[in-house]
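Trainee: Respectively, the protein sequence lines represent chains W and B.
Residue numbering for the first sequence follows the numbering used here, starting at 756 and increasing by one per position.
Residue numbering for the second sequence follows the numbering used here, starting at 9 and increasing by one per position.
Treat the hints as calculated values from the structure; they're not laboratory data.
Treat the hints loosely; a few may be bogus.
What the hints assert, rightly or not - Dumping the calculated DSBU-like pairs for lysine-lysine here, alpha-carbon to alpha-carbon at most 30 Å:
no.: 1; chain 1: B; residue 1: Lys-16; chain 2: B; residue 2: Lys-42
no.: 2; chain 1: W; residue 1: Lys-874; chain 2: B; residue 2: Lys-227
no.: 3; chain 1: B; residue 1: Lys-253; chain 2: B; residue 2: Lys-93
no.: 4; chain 1: B; residue 1: Lys-316; chain 2: W; residue 2: Lys-874
no.: 5; chain 1: B; residue 1: Lys-253; chain 2: B; residue 2: Lys-316
As the list claims (entries may be wrong) - Facing chain W, a subset of chain B residues (Cβ under 8 Å, in silico):
no.: 6; residue: Val-29
no.: 7; residue: Phe-31
no.: 8; residue: Arg-34
no.: 9; residue: Ile-35
no.: 10; residue: Arg-38
no.: 11; residue: Lys-42
no.: 12; residue: Ala-185
no.: 13; residue: Ile-190
no.: 14; residue: Pro-191
no.: 15; residue: Ile-337
no.: 16; residue: Ser-396
no.: 17; residue: Asp-397
no.: 18; residue: Leu-399
no.: 19; residue: His-404
no.: 20; residue: Gly-407
Glycine residues also receive a C-beta, built at the ideal position from the N, C-alpha and C atoms.
Residues per chain, in single letters:
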Amino acid sequence: MSETQPFVFLGCLDLNELLPHEAHDARELVQQLEKVPVESIFCHTSAALLHRPVLAEAYPNDFSLWVGTEVRDVRLAERLAAVDAFHAGSMERVREELIATISDHLQHLGTAPPRTQGKRFRFYQVHLVPVPTGHQARTLTEFRDALAEVDVSALFYHTIEARYRAGRGRGDFAEWVGGVLARPDLADRLAHIDPHAGSLERIRDRHLSVLSDAIAGEAA
Amino acid sequence: MAPGALVKLDDYRQVAPRGTVDFLMRIGERLRGKRLLHVSASRYGALAESLGRVVAILNDLGVDTTWEITIGTADFDQVSRAVTKALGGTEQVITEGMLARLRETGIDNARRLSLDADLVMVHDAAPVGLVEPRGETGRWVWRCHQDLSSAQPQLWNALRPLVQRYDAAVFSLARFAAPLSIPRFIVYPAIDPLSERNREMSRSEQAQQMDRLRVPRDKPILLQVGPFERQHDPAGVINAYRLVKRHHDVRLVLAGPPPAPGGDALGDLQEAASHDPDISVILLPPDPQTELNALERAATIAIQKPLKADFTLEVATAMWKGKPVIGTIAGGIPFQMVVNVTGYTVETVEGAAFRIRQLLSNPELIGRMGAAGREHVRRNFLVTRHLSDYLALLAHLTG
Numbered sequence: 756m757s758e759t760q761p762f763v764f765l766g767c768l769d770l771n772e773l774l775p776h777e778a779h780d781a782r783e784l785v786q787q788l789e790k791v792p793v794e795s796i797f798c799h800t801s802a803a804l805l806h807r808p809v810l811a812e813a814y815p816n817d818f819s820l821w822v823g824t825e826v827r828d829v830r831l832a833e834r835l836a837a838v839d840a841f842h843a844g845s846m847e848r849v850r851e852e853l854i855a856t857i858s859d860h861l862q863h864l865g866t867a868p869p870r871t872q873g874k875r876f877r878f879y880q881v882h883l884v885p886v887p888t889g890h891q892a893r894t895l896t897e898f899r900d901a902l903a904e905v906d907v908s909a910l911f912y913h914t915i916e917a918r919y920r921a922g923r924g925r926g927d928f929a930e931w932v933g934g935v936l937a938r939p940d941l942a943d944r945l946a947h948i949d950p951h952a953g954s955l956e957r958i959r960d961r962h963l964s965v966l967s968d969a970i971a972g973e974a975a
Numbered sequence: 009m010a011p012g013a014l015v016k017l018d019d020y021r022q023v024a025p026r027g028t029v030d031f032l033m034r035i036g037e038r039l040r041g042k043r044l045l046h047v048s049a050s051r052y053g054a055l056a057e058s059l060g061r062v063v064a065i066l067n068d069l070g071v072d073t074t075w076e077i078t079i080g081t082a083d084f085d086q087v088s089r090a091v092t093k094a095l096g097g098t099e100q101v102i103t104e105g106m107l108a109r110l111r112e113t114g115i116d117n118a119r120r121l122s123l124d125a126d127l128v129m130v131h132d133a134a135p136v137g138l139v140e141p142r143g144e145t146g147r148w149v150w151r152c153h154q155d156l157s158s159a160q161p162q163l164w165n166a167l168r169p170l171v172q173r174y175d176a177a178v179f180s181l182a183r184f185a186a187p188l189s190i191p192r193f194i195v196y197p198a199i200d201p202l203s204e205r206n207r208e209m210s211r212s213e214q215a216q217q218m219d220r221l222r223v224p225r226d227k228p229i230l231l232q233v234g235p236f237e238r239q240h241d242p243a244g245v246i247n248a249y250r251l252v253k254r255h256h257d258v259r260l261v262l263a264g265p266p267p268a269p270g271g272d273a274l275g276d277l278q279e280a281a282s283h284d285p286d287i288s289v290i291l292l293p294p295d296p297q298t299e300l301n302a303l304e305r306a307a308t309i310a311i312q313k314p315l316k317a318d319f320t321l322e323v324a325t326a327m328w329k330g331k332p333v334i335g336t337i338a339g340g341i342p343f344q345m346v347v348n349v350t351g352y353t354v355e356t357v358e359g360a361a362f363r364i365r366q367l368l369s370n371p372e373l374i375g376r377m378g379a380a381g382r383e384h385v386r387r388n389f390l391v392t393r394h395l396s397d398y399l400a401l402l403a404h405l406t407g
């Protein structure tokens with residue numbers, strides 16, 4: 756009998772590198788978006804979960820947040836908030852959508868775009884260092900229990916980083932549950948957890964809820 | 009924990025976010041045996057205090073961490089002071105001779121010290137020249153704690169080639185960073201929740217300290233901690249207090265170190281305080297950690313209203329004690345707050361007064377913002393996060 760391949764939970768450290776790109780208005784923002792490395796797009800969209808305080812009402816990516824709070828162009832902020840980094844398919848596609856959204860807005864503006872009232876937009880990229888958490892699982896129950904305990908960065912590493920930057924299928928959790936545990940239905944449910952939940956802790960709670968339901972279903 | 013007791017990593021379990029200490033231990037396992045060397049020009053002051061704790065905990069984690077001090081002649085102290093001021097934007101006369109002395113002192117110290125490590129982290133400007141004779145082994149990082157955004161151009165032009173001999177530079181804020189051709193990383197400073205300034209303090213000890221400082225606790229207290237200098241705008245804080253006082257019976261406490269000879273704002277403040285028994289101007293003793301701990305705990309609202317500022321960790325120390333903060337957008341102040349959640353940013357005396365009144369009229373908001381501030385600091389501004397950043401840097405640069 757073959758042994759079940761365990762799921763090894765990795766957390767991650769993140770290190771923010773300041774890039775030599777910045778913008779004072781929407782026109783400069785679009786110019787810089789064309790130049791920055793794609794890792795920077797990831798840093799300011801999907802990876803915003805790593806470095807932003809949790810505010811239910813806040814815009815979901817750094818570009819919309821900056822345009823809304825510093826440039827105070829609410830129309831553009833709302834349109835940028837609608838660029839969904841989690842469903843675009845790739846970070847290059849996210850870049851294209853951001854550029855297209857701002858370019859369209861500028862075309863219809865008719866005047867020079869407003870300049871920032873406060874902070875300029877500074878581009879970063881984030882470097883992740885994976886670190887074993889010491890937790891691993893071979894069964895669904897072990898998986899759920901470990902997930903409740905691991906450092907919250909593991910949620911980022913196995914869902915956001917895996918799926919939206921590293922291109923590891925639908926994320927490590929869904930791939931393991933679907934592939935190793937042969938539970939495609941449950942893998943689907945895990946893959947459909949909305950990363951817009953607001954914070955990594957909320958994403959953890961939603962995973963735990965789905966897993967607990969599945970475990971209860973097995974027992975029934 | 010008893011004051012002065014030796015602090016271990018395990019002690020942070022009671023204050024850090026859940027799982028943080030275990031995660032740090034796992035990172036330590038991954039980096040065990042790596043050698044990290046810090047070099048600074050002094051073992052005293054705010055930087056040295058936090059670095060001492062960081063070095064101890066890194067060793068506790070298994071990362072072989074040492075801390076060396078550079079030495080220089082008496083005239084070198086003058087040179088490094090002038091260079092530090094000029095990098096901070098205060099106009100200084102910096103001669104070729106002074107720059108030569110900075111480089112020579114770096115080279116002399118490089119010969120004297122053992123700089124063999126996987127990562128050498130050199131703190132601030134005085135020892136910056138250590139890098140000049142560096143060898144091929146090990147990686148070198150310049151950790152600049154200063155705001156370089158208005159550095160004297162002639163000086164910075166002279167120093168930049170030296171700084172670019174490092175593999176990377178680390179700044180406390182993006183807005184403090186100067187343009188460089190090497191990678192620039194951003195690491196926010198942090199507070200130590202177990203230090204004398206931030207440790208838990210019983211009500212009786214707090215009362216004792218407040219009695220010693222002669223601050224009655226009969227009314228809500230507005231507190232600004234900071235130097236009595238015009239750029240910290242203590243006069244603006246008094247004006248905001250006066251606007252508030254028309255509606256709320258409050259006290260104002262301004263606490264700071266005794267100003268250097270010729271300090272410009274203290275006389276005016278003492279004059280204002282002499283006409284109003286509800287204004288206290290407190291000249292803090294040397295190393296006033298216990299006194300500041302008590303004052304921040306006794307405060308109802310913390311104010312930070314400088315016109316120009318460094319990172320200003322006073323914001324995080326007040327938030328850690330559950331206080332809402334009203335601050336300007338100078339330096340690192342807005343980066344420590346979640347605006348409208350843990351406090352407010354303001355640009356004018358009237359704005360400060362309005363926000364203070366708003367909070368005093370809604371005591372439940374004071375509690376809510378204070379609690380949110382403490383949690384925000386727990387996640388983002390404790391020394392445990394600072395350790396993670398240094399470990400990430402070590403892992404990223406040394407593989």
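Trainee: Please list, smallest to largest, the hint numbers that this structure does not respect.
Mentor: The structure breaks hints 2, 3, 6, 11, 13 and 20; every other hint is satisfied.
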